[in-house]
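K.L.:
Residues per chain, in single letters:
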Amino acid sequence: MSTATAVKNATQVLCGVRDLVDYSGVVALHEGRQIALFYLPHGRDRHSAPEVFGIDNHDPFSKANVIGRGIIGDKNGELVVASPLYKQHFRLADGVCLEDDQVRLDTFEVRLEADRVVIA
Amino acid sequence: MQDSTIQPEKKQLVIIGNGMVGHHCVEQLIERGATRHYQIHVFGDERHRAYDRVHLSEYFSGKDADALALGEANLHATHGVSLHLGVPVTGIDRDKGDIITPEGRLPYDSLIIATGSYPFVPPIPGPSENEHPQARLVYRTLDDLDAIREHAVNARRGVVIGGGLLGLEAANALKSLGLEAHVVEFAPRLMPVQLDDQGGTALRERIEALGVGVHTGRATKEIVATPDNDYAYRMNFQNGEFLDTDLVLFSAGIRPQDQLARDCGLEVGERGGIVIDDTCHTSDPEILAIGECALWNGQTFGLVAPGYTMARTVAGCLTDVCEPFSGADMSTKLKLLGVDVGSIGDAFATTEGAKSYRWIDEAGSGYRRLVVSSDGKKALGAILVGDNSYYDTLLQYVQNGIPLPDNPAVLILPQGEGGAPTLGADALPDTAMVCSCHNVTKGAICRAIDEGCADIAALKIETKASTGCGGCAGLLKQVFEHELESRGMEVDKSLCEHFHYTRQELYAMVRVEGLHSFDELLEKHGHGLGCDICKPTIGSILATCWNQPIMDPQNVALQDTNDTFMANMQKNGTYSVMPRVAGGEITPDKLVALGQVAKKYDLYTKITGGQRIDLFGAELHELPDIWEELINAGFETGHAYGKSLRTVKSCVGNTWCRYGVQDSVAMALELEHRYKGLRTPHKVKMGVSGCTRECAEAQGKDIGVIATEAGWNLYVCGNGGMRPRHAELFATDIDSDTLIRYIDRFLMFYVRTADKLQRTSVWRESLEGGLDFLKEVIIDDSLGLGEELERQMQHVVSTYECEWANALKDPEKLKRFRTFVNNRCGDPDIVNVTERDQPRPARDNEIQSLAVEIR
Numbered sequence: 001m002s003t004a005t006a007v008k009n010a011t012q013v014l015c016g017v018r019d020l021v022d023y024s025g026v027v028a029l030h031e032g033r034q035i036a037l038f039y040l041p042h043g044r045d046r047h048s049a050p051e052v053f054g055i056d057n058h059d060p061f062s063k064a065n066v067i068g069r070g071i072i073g074d075k076n077g078e079l080v081v082a083s084p085l086y087k088q089h090f091r092l093a094d095g096v097c098l099e100d101d102q103v104r105l106d107t108f109e110v111r112l113e114a115d116r117v118v119i120a
Numbered sequence: 001m002q003d004s005t006i007q008p009e010k011k012q013l014v015i016i017g018n019g020m021v022g023h024h025c026v027e028q029l030i031e032r033g034a035t036r037h038y039q040i041h042v043f044g045d046e047r048h049r050a051y052d053r054v055h056l057s058e059y060f061s062g063k064d065a066d067a068l069a070l071g072e073a074n075l076h077a078t079h080g081v082s083l084h085l086g087v088p089v090t091g092i093d094r095d096k097g098d099i100i101t102p103e104g105r106l107p108y109d110s111l112i113i114a115t116g117s118y119p120f121v122p123p124i125p126g127p128s129e130n131e132h133p134q135a136r137l138v139y140r141t142l143d144d145l146d147a148i149r150e151h152a153v154n155a156r157r158g159v160v161i162g163g164g165l166l167g168l169e170a171a172n173a174l175k176s177l178g179l180e181a182h183v184v185e186f187a188p189r190l191m192p193v194q195l196d197d198q199g200g201t202a203l204r205e206r207i208e209a210l211g212v213g214v215h216t217g218r219a220t221k222e223i224v225a226t227p228d229n230d231y232a233y234r235m236n237f238q239n240g241e242f243l244d245t246d247l248v249l250f251s252a253g254i255r256p257q258d259q260l261a262r263d264c265g266l267e268v269g270e271r272g273g274i275v276i277d278d279t280c281h282t283s284d285p286e287i288l289a290i291g292e293c294a295l296w297n298g299q300t301f302g303l304v305a306p307g308y309t310m311a312r313t314v315a316g317c318l319t320d321v322c323e324p325f326s327g328a329d330m331s332t333k334l335k336l337l338g339v340d341v342g343s344i345g346d347a348f349a350t351t352e353g354a355k356s357y358r359w360i361d362e363a364g365s366g367y368r369r370l371v372v373s374s375d376g377k378k379a380l381g382a383i384l385v386g387d388n389s390y391y392d393t394l395l396q397y398v399q400n401g402i403p404l405p406d407n408p409a410v411l412i413l414p415q416g417e418g419g420a421p422t423l424g425a426d427a428l429p430d431t432a433m434v435c436s437c438h439n440v441t442k443g444a445i446c447r448a449i450d451e452g453c454a455d456i457a458a459l460k461i462e463t464k465a466s467t468g469c470g471g472c473a474g475l476l477k478q479v480f481e482h483e484l485e486s487r488g489m490e491v492d493k494s495l496c497e498h499f500h501y502t503r504q505e506l507y508a509m510v511r512v513e514g515l516h517s518f519d520e521l522l523e524k525h526g527h528g529l530g531c532d533i534c535k536p537t538i539g540s541i542l543a544t545c546w547n548q549p550i551m552d553p554q555n556v557a558l559q560d561t562n563d564t565f566m567a568n569m570q571k572n573g574t575y576s577v578m579p580r581v582a583g584g585e586i587t588p589d590k591l592v593a594l595g596q597v598a599k600k601y602d603l604y605t606k607i608t609g610g611q612r613i614d615l616f617g618a619e620l621h622e623l624p625d626i627w628e629e630l631i632n633a634g635f636e637t638g639h640a641y642g643k644s645l646r647t648v649k650s651c652v653g654n655t656w657c658r659y660g661v662q663d664s665v666a667m668a669l670e671l672e673h674r675y676k677g678l679r680t681p682h683k684v685k686m687g688v689s690g691c692t693r694e695c696a697e698a699q700g701k702d703i704g705v706i707a708t709e710a711g712w713n714l715y716v717c718g719n720g721g722m723r724p725r726h727a728e729l730f731a732t733d734i735d736s737d738t739l740i741r742y743i744d745r746f747l748m749f750y751v752r753t754a755d756k757l758q759r760t761s762v763w764r765e766s767l768e769g770g771l772d773f774l775k776e777v778i779i780d781d782s783l784g785l786g787e788e789l790e791r792q793m794q795h796v797v798s799t800y801e802c803e804w805a806n807a808l809k810d811p812e813k814l815k816r817f818r819t820f821v822n823n824r825c826g827d828p829d830i831v832n833v834t835e836r837d838q839p840r841p842a843r844d845n846e847i848q849s850l851a852v853e854i855r
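Order-wise, the sequence lines are chains S and Z. For the record, in the first sequence the residue sitting at position 99 is 99 according to full-length UniProt numbering, with numbers rising by one throughout. For the record, in the second sequence the residue sitting at position 469 is 469 according to full-length UniProt numbering, with numbers rising by one throughout.
Don't take every hint at face value.
To be verified - BS3-like cross-link-like pairs, simulated, lysine-lysine; straight-line CA separation at most 25 angstroms:
hint	chain 1	residue 1	chain 2	residue 2
1	Z	K493	Z	K333
2	Z	K600	Z	K175
3	S	K87	Z	K175
4	Z	K571	Z	K599
5	S	K75	Z	K333
6	S	K63	Z	K524
7	S	K75	Z	K460
8	Z	K175	S	K75
Stated by the list, open to error - Take a look, some chain S residues computed to stay more than 10 angstroms from chain Z by CB distance:
hint	residue
9	L20
10	P50
11	G95
12	T107
13	F108
14	L112
Keep in mind the hints are simulated off the structure, nothing from the lab. In this text, a Cβ means the ideal position worked out from N, Cα and C, and glycines have one as well.
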């Protein structure tokens, strides 16, 4: 990737907010990593400020890049995404798999800035 | 005999007879590991697999031979048991230890005789049997039933000689065939073995009300052919009266089939029956006998439960533990011609000092009798006519010696709102017998629940309870529910943590409250954000009710990935694309177009079981381009990704096939185009065959249609796949309009009442009231839902739109079809290799070696 030489610590734009899908996921390519972006336009209680989460798109169980196409929701109050292939759940906050806590997906520091999604 | 079937290291165990008892014995032997020590051979002189003789009359009301068959079709093959169907055993050579068949001899170390019984035909003078078989029909085997059906074709009236249990079953069979049925009984009342005079009278009144003629106290003197009369035969009675008829069916009792035993000199009873001891051994220690052919303690048993008990005794004696046979309870609970009849224990009060309570309803033809001990503390027996809801409780009192209440009469008196009095399941001791066919006690059921059986279906599989005659189904359910409750386990039917409702309840809310989005439903009836269980379920309900496009913004986040991208995700994250090829009919031009698309996008192509062509390996961002080309070529979406109608498989029908009797392709097209796009609790498959050869395998589908000379036969709730289930005959010889009306109602009723991800086959098993209930709802419109269901279906049909065509028109919807939102490339981790001239995903080791090459 050409951006590999970009200066670290500066924020970089991943995509526009318009590219996101409400209460669902899309995938951005960043420095060779596939980042699944999940967008909660009205927060986790559906009545507060918007939130966005970035998590590894690679599903360690199926070894396919599909996490961004999973359904999101909450389990016992924690935000999760369900892998579309074998249905394991991963916490959006820290990537830990609910079915097997030895498995954890990388998470990325992404946030909304005006009409853009940026990564730290 | 084939020598290869004889294995010298194993003992030879031969079973003569493949009826219900013989079959149960084989099952028990297999379960107890007998096949490790014995090579088992089973001989049945009928050509059919073992079948359920108890429910034989259902052969004329919908069930076919396969549906009546017992156990798994491959049971014998799986366990190395040799099954010889249609091979009669003609002799037993005890000196050599051989059995003799037309195919040769086979040696035995142990021999089990389970030959059952044969129908007794009294020696009434009549026309010759060869020329007049319809004057001497019997009712015992499937072949007998085929003969009855054949002779019933040109008959108007049929008479059954014999007014016992089997005679009334036979009368029911004649009635099902559309004949005017009559019953002639020698005794002064019907069912003389089970019922007393008042009971017989009540039963007679009920049966006469159904249009069946009852003639008791009549001895038939002769049967005369009357070719010049309106009816073919005349039966002359001893008292001078007569009855004209077109066919005569004998059901005057059964006799033990003990001929083989007689011929080889085994001890038999004076009135027939092979004499056995408590371990079912005959007078020859190598030979055992079980079931209706056996005579134990001077009695034979014409019911299936004692036969099963003997089968278990024998299986135990030949393997591990020999539990002696100690007689059997002859209590019976029946539905004859739709009339409840029950007889328990000492029904005739023969016990010294026994007293009776009787309840007689002359207006409604109901009768109940309770027989109690001389001190009034224990129940000894009972008779029921007209309402068997009292049966289970009375049986428990009798069988388990439970102390009677102060006023025992309450047990048979009519109850108010609550229905028949029930003995709470908690009052039963652990030893109480719940299922007497399979010898399952309440204790065994409790153990199975402790070991994790969480629903009735699992309990039935684990314990076999209620899989014999089925009479204990109600009691089993009571015990199950009571036990769950007492363990503090609630049967939680919540969909998930976000909705404390079942799918059926949510469906009703969406319909009744007119809710059009997940958010509305969540707001009013749910908690939290939702999850991967409730979102797709509610997405499906919304789609069925309102038929909004699944890609509309408020619906898109609800869908499983397959529905979201309207394609089927494969293991490497790519998709397969499957356009509709309705009925499997496709033009050459479309075939070429499919090939061109597959070539252009380098897709693997395979023909599916549903007569379509699947194109594999498309990446997310390629889907819109692929569909643009497919739609331009005249295709529409195939819904292979949805819980919805998949395909209607068809044979070529009478347009080309010399055997076809209807145009099965045209019907398949009509059905597929009518129901395409309907969202259902699980996928739905259909099939249409143009004749009885059934090339479309319609009887393995949720909806199967088979052409007849007169129209169509409709089958429902079949399944292939993991748990195959033969579809059941639902309606016969109906015209196309009726067919569509029934299917409309059936599908919408399924949508309304099924659980999430429940195929029609499982739904059908869980329907209380079974197929009959379903027929009442769909055909007789017993719930008054017919029009509503049709209207709801018509809404879905009229608002159909191809989801792909809809999505392609809207750039907002297409936004999601990007592998990456910030890069136009594909997923670099998707690597294909070529195999058999087509691409396929590379395996892990192949990816590693490819990486090495690149380095």
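K.L.:
Would you mind marking each hint as holding or not holding in the structure?
P.N.:
Status of the hints after comparison with the structure:
1. Z/K493 to Z/K333: Violated - the C-alpha atoms of Z/K333 and Z/K493 are around 33 angstroms apart, more than 25 angstroms.
2. Z/K600 to Z/K175: Distance ~64 angstroms between Z/K600 and Z/K175 Cα, so the pair is violated.
3. S/K87 to Z/K175: violated (54 angstroms)
4. Z/K571 to Z/K599: Since the Cα atoms of Z/K571 and Z/K599 sit roughly 21 angstroms apart, the hinted pair holds (cutoff 25 angstroms).
5. S/K75 to Z/K333: violated (50 angstroms)
6. S/K63 to Z/K524: violated (39 angstroms)
7. S/K75 to Z/K460: violated (33 angstroms)
8. Z/K175 to S/K75: violated (58 angstroms)
9. L20: Given that some Cβ of chain Z is not farther than 10 angstroms from that of S/L20, nearest at about 8 angstroms, it is violated.
10. P50: holds (14 angstroms)
11. G95: Fine: 17 angstroms to the nearest Cβ keeps S/G95 off the interface.
12. T107: About 18 angstroms separates S/T107 from the closest Cβ of chain Z, which puts it past 10 angstroms; holds.
13. F108: Holds, because the least Cβ-Cβ distance between S/F108 and chain Z comes to about 14 angstroms, which exceeds 10 angstroms.
14. L112: holds (14 angstroms)
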